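> Quick mapping for you: the protein sequence lines, in order, are chains A and B.
Count the first sequence with the working numbering and you get residues 1 to 85, in order.
Count the second sequence with the working numbering and you get residues 1001 to 1259, in order.
Everything labelled a hint here was simulated from the structure, so no lab data went into it.
Quick caveat, the model's predicted, so the values are computed rather than measured.
Careful, some of the hints might be misleading.
Stated by the list, open to error - Under 8 Å between C-beta atoms, here's a sample of chain A residues computed to sit facing chain B:
1) L24
2) V25
3) C26
4) P27
5) K30
6) R34
7) I47
8) I57
9) P58
10) V61
11) P62
12) I66
Cβ coordinates follow ideal geometry from the N, Cα and C atoms, glycine included.
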Amino acid sequence: MVRRSGVLLKSAAAGISSRLAEILVCPLTKQPLRMCEKTNSLISDSIGVSYPIVDGIPRLVPSDGIILQSDQDLNSSDPPQTNSS
Amino acid sequence: MAALQFAFPSTAGGRRRLDTRSTVRPVRCAADRQALFNRIAPVYDNLNDLFSLGMHRVWKRMAVSWSGVKQGDTVLDVCCGSGDLAFLLSEKVGTSGKVIALDFSKQQLQIAATRQSAQSKACYKNIEWIEGDAADLPFPRSSFDAATIGYGLRNIVDRRKAMEEMYKVLKPGSKVSILDFNKSTSSLNSSVQDWMIDYIVVPIASGYSLADEYQYLKSSIKEYLTGKELEQLAGEVGFSEAKFYEIGAGLMGNLVATR
Chain A
1 MVRRSGVLLK SAAAGISSRL AEILVCPLTK QPLRMCEKTN SLISDSIGVS YPIVDGIPRL
61 VPSDGIILQS DQDLNSSDPP QTNSS
Chain B
1001 MAALQFAFPS TAGGRRRLDT RSTVRPVRCA ADRQALFNRI APVYDNLNDL FSLGMHRVWK
1061 RMAVSWSGVK QGDTVLDVCC GSGDLAFLLS EKVGTSGKVI ALDFSKQQLQ IAATRQSAQS
1121 KACYKNIEWI EGDAADLPFP RSSFDAATIG YGLRNIVDRR KAMEEMYKVL KPGSKVSILD
1181 FNKSTSSLNS SVQDWMIDYI VVPIASGYSL ADEYQYLKSS IKEYLTGKEL EQLAGEVGFS
1241 EAKFYEIGAG LMGNLVATR
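Could you put the whole structure together from the sequences, leaning on the hints where they help?
Here's what the structure looks like:
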C-alpha cells in the first residue's frame, strides 16, 4: 500500500516507510540503519549485519540479525544513499 | 495486555493438581518466554477479557492517561503484544502523531497487524509494528514523548536493562507508564491473586489446553518487584521521579516514572 503523503514514501518492495527507517537504529550499536530495497532489509554497516523486514515488520531482535559474510554480500546491497528529503 | 501472560509448553501429559503451594517450574530464559507468548497468541485477547471480566481495558486506559500522551506526540509501546495499548495511544496522538509498538513475539505482532488492517479509524494507520527486544531497543536516544509497557516488564528477564533502555529513548521530562500485576506486600492481596489463578484462571485455561501455560503467571508475579522496589529501580536507572499506584483493588499496579 503506498501512502499518499509525499513525506512517507513507501516502497512496495521494502515494506516500510522511509520515515520509519530513519528513526530506527541498530539494536546493538545504536547506529543508524541503511535501508536496502534489494534484500528488503535494514543494514547495520558498522557491524556488517542485516536485519530482515517481513510483511512490513522490521525484525530488530539482535538474534534476527544476519551477519554479512563477505564483501560480496556488502556489495550486493544498495550503496549508501545520499540523504534526500 | 492485562491478565495472564505466560505460557510455557509443557511436555508433561495431564493437568496439574490444583495446589496453591505447588512449586511451578519458572520460565527462565527469554526464549522460553518468547515461545510462551507465541503459543498463547491465538487466544490471548479473549482470555484477557474473560479473566479480568473486561477490566483490563479500564486499567490500560488508566496507564495511557498516566503516560501524559497528547495529540501529535511520537510515543513508544514496549511489549505491545496484540496491540491494546498501541491502539489506545494511537487515538490520543491522532493522525499527526506516531505510535511505535515493539514486541519480541512474531505471532502477537501478526495479530496486532491484522487487527490494525481490520480497523477503519484513520489514526490507527500511524502505528508501526516492530519486532524487537525490550532490553536492546532499536531507537536513538531521546526519541519519544511518552512510553508505555503493559504486562510486559514482569516477563522481561533483564528488567534493569529494559528500564535503562526506556530511560534512554525517552525525551527529558517525558514519562513511562508501566502497568502490570501488583506484587503486593499484603498477604490478603497475594492470597486473592493466588486463589484467582488456581481456581479461576487455570481451570478455564485448561479448557484451551493451556493450563500449564497459565500456571506461569503465579511464579512470574512472585518473582516480580513490589511497587516500592519498582520505584527504587526507576530511581537507580536515572528517572527523576517515580510513583507507584495500586489499582484494581490492589491486584494491579502502575508505575509512572519521569525522565
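> Now, for every hint given, state plainly whether the structure supports it.
Do the hints match the structure? See the list:
| no. | hint | result |
| --- | --- | --- |
| 1 | L24 | holds, 5 Å |
| 2 | V25 | holds, 5 Å |
| 3 | C26 | holds, 7 Å |
| 4 | P27 | holds, 4 Å |
| 5 | K30 | holds, 7 Å |
| 6 | R34 | violated, 14 Å |
| 7 | I47 | violated, 13 Å |
| 8 | I57 | holds, 5 Å |
| 9 | P58 | holds, 6 Å |
| 10 | V61 | holds, 5 Å |
| 11 | P62 | holds, 6 Å |
| 12 | I66 | violated, 14 Å |
The structure fails hints 6, 7, 12 (numbered hints given earlier, in ascending order).
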